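> Residues per chain are reported as follows:
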Amino acid sequence: MTDIEIIGQQLADLIKKYNADYIEARLEQSQKSYITYRGRELESIGQATAIGGNIRALIKGGWGFVSFNETGNLPTKVELAVKQAKLVGREESKLAPVEPIVDTVSTPHNPTTKPLAEKKQLLDEYNELIWRTPKLQTSVIGYGDSHKKTIFISSEGSFITQERSDINLRLSAVATGNGEVQQAGLSVGSPGDFKAISSLHQQVAGMAKRAVELLSSPQVKGGEYTVVLDPILAGVFAHEAFGHLSESDFVYENERLRQLMVLGKRFGSERLNIVDSAATPGLRGSYKYDDEGVPAVKNYLIREGRLVGRLHSRETAARMGEKPTGNARALNYHYPPIVRMTNTYIEPGSISFDDIIAEIKEGVYAKNWFGGTTAMEMFTFSAGEAYMIRNGKLAEALRPVVLTGNVFITLNNIDAIGNDLEMNQGGGCGKGMQVPLPVANGSPHIRIQKCLAGGR
Amino acid sequence: MEDILTQAKKVAEAAEVFMVSSEETPVQFEANRLKRIQAKQSTSVALRIIKEGKIGYATTTELGDTKGLVNSAVETAQFGIKAGFGLPTKTNYPKIDVFDPDTESIPIERMIELGQELIALVTKHTPDIICEAMVTKDIISLQLMNTAGGEASYKKSIFSLGIMGSLIRGTDMLLVGESQGSCNPITTPHEVANVVIQQLELAKNQASVPTGQLPVILTPRGVVSALVPSLMMAFNGKVVLQGASPIGNKLGQQVFDPKLSLWDDPTLAYRPNSRPADDEGVPSQRTPLIEGGRVANFFYDLQTAALAHTRSTGNGSRNGGLPTPSPSTLTIAPGKTSFDEMVSDIKEGLVIEQLMGAEQGNILGGDFSGNVLLGFKIESGKIVGRVKNTMVSGNVYRVLKEVAAIGSKPEWVGGFIHTPHIYCPRLSVASK
Numbered sequence: 001m002t003d004i005e006i007i008g009q010q011l012a013d014l015i016k017k018y019n020a021d022y023i024e025a026r027l028e029q030s031q032k033s034y035i036t037y038r039g040r041e042l043e044s045i046g047q048a049t050a051i052g053g054n055i056r057a058l059i060k061g062g063w064g065f066v067s068f069n070e071t072g073n074l075p076t077k078v079e080l081a082v083k084q085a086k087l088v089g090r091e092e093s094k095l096a097p098v099e100p101i102v103d104t105v106s107t108p109h110n111p112t113t114k115p116l117a118e119k120k121q122l123l124d125e126y127n128e129l130i131w132r133t134p135k136l137q138t139s140v141i142g143y144g145d146s147h148k149k150t151i152f153i154s155s156e157g158s159f160i161t162q163e164r165s166d167i168n169l170r171l172s173a174v175a176t177g178n179g180e181v182q183q184a185g186l187s188v189g190s191p192g193d194f195k196a197i198s199s200l201h202q203q204v205a206g207m208a209k210r211a212v213e214l215l216s217s218p219q220v221k222g223g224e225y226t227v228v229l230d231p232i233l234a235g236v237f238a239h240e241a242f243g244h245l246s247e248s249d250f251v252y253e254n255e256r257l258r259q260l261m262v263l264g265k266r267f268g269s270e271r272l273n274i275v276d277s278a279a280t281p282g283l284r285g286s287y288k289y290d291d292e293g294v295p296a297v298k299n300y301l302i303r304e305g306r307l308v309g310r311l312h313s314r315e316t317a318a319r320m321g322e323k324p325t326g327n328a329r330a331l332n333y334h335y336p337p338i339v340r341m342t343n344t345y346i347e348p349g350s351i352s353f354d355d356i357i358a359e360i361k362e363g364v365y366a367k368n369w370f371g372g373t374t375a376m377e378m379f380t381f382s383a384g385e386a387y388m389i390r391n392g393k394l395a396e397a398l399r400p401v402v403l404t405g406n407v408f409i410t411l412n413n414i415d416a417i418g419n420d421l422e423m424n425q426g427g428g429c430g431k432g433m434q435v436p437l438p439v440a441n442g443s444p445h446i447r448i449q450k451c452l453a454g455g456r
Numbered sequence: 001m002e003d004i005l006t007q008a009k010k011v012a013e014a015a016e017v018f019m020v021s022s023e024e025t026p027v028q029f030e031a032n033r034l035k036r037i038q039a040k041q042s043t044s045v046a047l048r049i050i051k052e053g054k055i056g057y058a059t060t061t062e063l064g065d066t067k068g069l070v071n072s073a074v075e076t077a078q079f080g081i082k083a084g085f086g087l088p089t090k091t092n093y094p095k096i097d098v099f100d101p102d103t104e105s106i107p108i109e110r111m112i113e114l115g116q117e118l119i120a121l122v123t124k125h126t127p128d129i130i131c132e133a134m135v136t137k138d139i140i141s142l143q144l145m146n147t148a149g150g151e152a153s154y155k156k157s158i159f160s161l162g163i164m165g166s167l168i169r170g171t172d173m174l175l176v177g178e179s180q181g182s183c184n185p186i187t188t189p190h191e192v193a194n195v196v197i198q199q200l201e202l203a204k205n206q207a208s209v210p211t212g213q214l215p216v217i218l219t220p221r222g223v224v225s226a227l228v229p230s231l232m233m234a235f236n237g238k239v240v241l242q243g244a245s246p247i248g249n250k251l252g253q254q255v256f257d258p259k260l261s262l263w264d265d266p267t268l269a270y271r272p273n274s275r276p277a278d279d280e281g282v283p284s285q286r287t288p289l290i291e292g293g294r295v296a297n298f299f300y301d302l303q304t305a306a307l308a309h310t311r312s313t314g315n316g317s318r319n320g321g322l323p324t325p326s327p328s329t330l331t332i333a334p335g336k337t338s339f340d341e342m343v344s345d346i347k348e349g350l351v352i353e354q355l356m357g358a359e360q361g362n363i364l365g366g367d368f369s370g371n372v373l374l375g376f377k378i379e380s381g382k383i384v385g386r387v388k389n390t391m392v393s394g395n396v397y398r399v400l401k402e403v404a405a406i407g408s409k410p411e412w413v414g415g416f417i418h419t420p421h422i423y424c425p426r427l428s429v430a431s432k
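Which chain is which? The protein sequence lines are A and B, in order. Residue numbers for the first sequence follow the numbering used here, beginning at 1 and rising by one. Residue numbers for the second sequence follow the numbering used here, beginning at 1 and rising by one.
Everything labelled a hint here was simulated from the structure, so no lab data went into it. Check the hints yourself; a few may be wrong.
Stated by the list, open to error - Restricting the straight-line Cα-Cα distance to at most 25 angstroms, the calculated cross-link-like pairs of lysine to any residue (SDA-like) are: (1) K298/A x L260/A; (2) K51/B x M19/B; (3) K204/B x R258/A; (4) K250/B x R40/A; (5) K135/A x D172/B; (6) K288/A x K221/A; (7) K60/A x E117/B; (8) K67/B x P218/A; (9) K114/A x Q78/B; (10) K67/B x R40/A; (11) K83/A x R110/B; (12) K54/B x G142/A; (13) K82/B x K431/A; (14) K35/B x G142/A; (15) K35/B x M261/A; (16) K135/A x L251/B; (17) K114/A x G392/A; (18) K35/B x P75/A; (19) K401/B x P218/A; (20) K60/A x E30/B; (21) K86/A x E109/B; (22) K149/A x L63/B; (23) K450/A x D172/B; (24) K135/A x N389/B; (25) K221/A x N389/B; (26) K148/A x Q41/B; (27) K221/A x D128/B; (28) K60/A x R33/B; (29) K393/A x D420/A; (30) K250/B x F353/A.
Bear in mind the structure is a predicted one, so any value in this text is a computation, not a measurement.
Pulled out of the complex, with its shape left as it was, chain B reads as follows (with noise of 0.2 angstroms):
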């Protein structure tokens, strides 16, 4: 890496080298059988250089071809945009824990095990169900150093667990399914489970909706699937740059319901996106993003922060190509309603656990429009069984600019958004 660094330092102002690899361990259950056992190692390289003002950008995963990597990125950096930001330099990073050795030291057997009591634990509830599974670990190493004397480097575990379930009979097929996410090893398979078991527990009858405005419930898996893909766009400083985002000029407005509050936290202990510092050397904070209803913040990288005139959030992430906005970890404050208590509420409405297909329409606009992929029913303050053939359309603007409550019990989804369930007072639903 060093090496790297100096000779980009010969050809141009500004260089940052960021090194990540990682061994990925899948093990892949199909038909309720253990299938496949994968090893997944892989170690990139990203060079990013500010030359004459501007910046390149290359990636290789030939660690030693320094020669073609710094050529790559000086061709790139003649097109490239204008740098606006300086690279951190020398910082104290918080210590937070994402690395667990219990984690990398699970043997293989352990994680074949927990797979096949997964499964078990579901198909004892339903035989005839078909569970595809998998139990992954993952150890990764991060390393990033800049020529402004920025150093960070940072070993991260992560283990998952999760599950999906087809049940068909006749011409009716039944979805459900569950992940979770740790930087710690998940030791049993029935928090995975029960989601799973409840769900199929609730399916088991069906129950028709009619066409027309109803009352819903967002279980916090719900949420995730309709709500969080147009939030997230909102939020985004560089959409909000660009003027595209519908809240961008709301900072410290009252745009949703005061009982709403959403921050992105990459500080929280084990968490698999969880971090001392963004993939810019930034170092990782809190941020509020709605605060009793108002719009607090948005999140922001580097170059998007010095072009909207404010200060990085510890937001850049790579994905492969130029750090970018985008959030951590995820947190819906609770609020004081039981699910209970919100379904007793309810003389006619739908409980939607799994909305698919919600972040096709117009999610800048904050339309989202999905079909109910697992939902249920509630007739009389009681859920009465599974919908099909349903459609929901809503605006997330609209729906959190009045909830009629939100939940007592957060969840974590898949280990990334802690969330409680959400109820609406109304929301377009189709239905044949």
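For reference, chain A alone in the conformation it holds in the complex (with noise of 0.2 angstroms):
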């Protein structure tokens, strides 16, 4: 197997010789495996190594970036990077300074080594437990688990070298009956500890039990409502109505949307909070360092309703004057690091659940993450479960609902904030090419007046 350590400090002297502004590589070493099962039976069951790593250069503002996986020949590449960057660079290159760092962050857990033999009969008990449910048509199992270490090397003098890990769960259950198909589904992960995964079986038996009732459970009507969103999908709303809009390397070259997202301006009431934190330990969007070797921090969006920082590469803090937030995340090597989330959260408020929804007449409670996308100041997202509220009460199961807002408007509608945070691991974030990112999301139940929701 060949060592990246080597080839690392290969490169640490090599990147130093080339005339560019900036030059930085990273390299990675990975182990994944998987297993997955539709209906009853295993579908596929596989382990995949990879080593790779790139180049970037950048040259009078212009980036360079050479990927690969053959790892001879590293004069080639870090010329090729410096001759792409050449061509492209027209301007001044601004990067926010960042103190070289020289560092190792290794991960306690490292689910690839756990026997294939383990992971399964977890598996296998929860397909049991989706089966057991009368009615059930079929049912998916995906499990993924990956460990990597990836060492960042820059022409500043940074050396870093860190390990990471990652556990991904999704089962969905789908029913049949009069010509009808429902599904539910069931989300989770952690930064690769396998004891986060492995005591489900309460829930994934509600989950198939969940497919069923929905054969039977009317369908929203559309229109505007009251919607009381669960911890899991507001979080996703945070995520994806909020978190993106505050990704700079949209802003930062777009004039018009930076006086739109210009700080200081109120977003909310004076009780919405909107957090990023890369450096909350535990989480699947964890880490010390970003991919550009920047220390992550722990960052507020919307404080006390007025939006006071956003996310940021070295690149975009510089040309935004601000400073650097450690955002820039590379899904692997064969990808450029951009601006993404880490961990994104709504803070707790006080009112308990029973009082967000005491008032309502008529409304929709929202729950569980079924999928969410955005357009900028657009954003759709769906519910895997929907209940009516009717008199304070919760009433009957809704078919799943898609909510969909401009952020700007739904923002300022939220009026009530629960004092119940919880953190949903599932899923993982999409951006460009770079899909699946491991990140959380999380906040405590809120309640939006007048949300569009889509139906009959």
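Got two chains here, each in a separate frame; can you build the complex from them with the hints?
Have a look at this one:
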């Protein structure tokens, strides 16, 4: 097996020899395993190893990027990255200054070394539970884990070795009846600790039951409602609707968007606080240094209802005259780092769930993540589970609802924030081609006035 | 590759090695300017074995580590599923043109110019638009070899050109975009630019829609964002085998409007998803999925086909993992009605160009529900402006059971789907 430490040492010397404003190299060695089930049967089981790296060069504001699996011929690769950067560069290079760092960060967990038999045993148990539910048509289980070691080297003198692990588990159950198909899902994860996913038996059984119940549930009538989101869905909302707009690579070269996202602007009530923090340990979006070697921080995006911060790479921070936040992340060595979220959440308030719904005459309680996407101000996100709220009480179950809106209006329409913060570790974030990146998001229960729900 | 096969043969009854190498060069523009040039080299090798009747699978990028790869595949085979299929033997493949030396030799300087020309055309129309653009070429080599004597290898070139523009006025944001791909080089930016310019033209004014049931015209891009995800799920042999496809037991039955025909065809020359053989070495073929509204076929890979007691349709694709059924190049047959005729037929309705989030709902059941990211209001037979804050919901099976008309002028969407406009008599629209 090739040792990336040795290549790293060679590159550390090499990249200093070229005439560029900045050069960095990232090397990566990874192991993965995955198991999927479709229906009662195992569908696939496999393992993968990969080794690779990249060189990124900056000259006069232009970037060159070369990625590779073949680790020979390093000078040619650095030369190519420099040549490309020269072709692009037409202005001044700007990078927010950071101290060079030499450090080694390890992880306590490596799920890829756990015997496949033990992983399969747990998934068999879950699948067994799913299939105890009558009227079930099929189910899908997807388990994946990974462990990777990366070395980051910069022409400024950084040499950072970091290990990261990740586990992701998705389960879904599909029920059919009267020519209709309904499904319910569960998505969980952890930064490598297998225990975090090993006692979900009750939730898994509940999920399968829910899929069957949906067959006899009505769909919500399309229109505006007072909507209460559970912590999972509210976390997705914070991530999708607001988080993506805080990514300053969207903002920094767009004068109009800069005006719209000006610091100090009011976005919500004084009770609203939204945070992104890779520095909070033990979550799927946690790390010590980002993929540009910048230390992670706890970063308030909205504080007391006002925009106070955003997510930066070194370049976006410099161009906007703000501090770097350590949010430059790359999915793997095939890609250059771009501005990404980490662990994004709405801070808890003081109201209980019962009080949040108490005054709602007719509304929708939307729970559980199914998906979400955004295009600038507009967002849609879908709940895996939903109920009508009638006269302050939860009423009949609904088919999954899709909620949509304009983030600027919707954030202002949040009029209650619960006291029950929970972090959701399922799923992953997509941006550009780089998907799925491990992130976490969370929130307490929140209430939104006048939210548009799609339906019949 | 032969070495891996030889080693694997010592420990397994059958084995197959699949190797793919790619040299990709993306040229990226941000905020109307050239921003980044990349060169991405990657090679990976996948080993599938059948040991004691069960499938084992492993992949690596470390070509030298044959032993590690074989051991890893053997470890997974103890838990693997029972192999229902035999690997394809030596076959003569159809000759499908998917490599163009002109794509390989196109210089990076020309790619930069092309992106600049594209942005210039769009910004000439709308000076304050901010565009991201990408010009990419990708040269791919695929090789497959198995212990049954099967062997396939081919080289492919892909060239793609795409642009996304955002126009912000106050708190109003308009997003427009288009992308095309081909095995041949795209030599002029006009076709892509014209789609975007047309979108900008139609979006100049704003219009509002009522909540209720309205007639809707899906443009080729609208068809892809609203209907195709559900359909591809339903025709996937694996979903059918599990009994989860709403049309799984309706082979030969009239499920859709008689005007509707859909097929999958990886033998079309110079399409990015075309190929002489699929990723398991099964020869490419044209597979009708809907013929005159009747369910004609589902698409299969080897394993799924074996379990379903049918033949692979040559739709085994790998995406880093084991082969799984997936469509290649799709075509929806054109109809007789022009887009203008459709518009003039509508008193009050919508044109949908992009639906956002349509794939999030219960797509297995055919439901789609999404925000109209880009769509236009029709009043008395004329497009009057862009709609905002509007959701559209429907069910593919209800929508396609009776369509009002199918367009006469199909377009390629992203290079993968050739589809005309589809005119739906009514869809549920919610607006604020």
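> Hints first: check each against the structure and report whether it holds.
Here's how the hints hold up against the structure:
no.	hint	in the structure
1	K298/A x L260/A	24 angstroms, holds
2	K51/B x M19/B	21 angstroms, holds
3	K204/B x R258/A	23 angstroms, holds
4	K250/B x R40/A	23 angstroms, holds
5	K135/A x D172/B	47 angstroms, violated
6	K288/A x K221/A	47 angstroms, violated
7	K60/A x E117/B	22 angstroms, holds
8	K67/B x P218/A	56 angstroms, violated
9	K114/A x Q78/B	15 angstroms, holds
10	K67/B x R40/A	33 angstroms, violated
11	K83/A x R110/B	16 angstroms, holds
12	K54/B x G142/A	20 angstroms, holds
13	K82/B x K431/A	37 angstroms, violated
14	K35/B x G142/A	37 angstroms, violated
15	K35/B x M261/A	23 angstroms, holds
16	K135/A x L251/B	23 angstroms, holds
17	K114/A x G392/A	48 angstroms, violated
18	K35/B x P75/A	23 angstroms, holds
19	K401/B x P218/A	22 angstroms, holds
20	K60/A x E30/B	15 angstroms, holds
21	K86/A x E109/B	12 angstroms, holds
22	K149/A x L63/B	19 angstroms, holds
23	K450/A x D172/B	19 angstroms, holds
24	K135/A x N389/B	38 angstroms, violated
25	K221/A x N389/B	17 angstroms, holds
26	K148/A x Q41/B	20 angstroms, holds
27	K221/A x D128/B	40 angstroms, violated
28	K60/A x R33/B	13 angstroms, holds
29	K393/A x D420/A	19 angstroms, holds
30	K250/B x F353/A	47 angstroms, violated
Hint compliance for this structure: hints 5, 6, 8, 10, 13, 14, 17, 24, 27, 30 are broken, all remaining hints hold.
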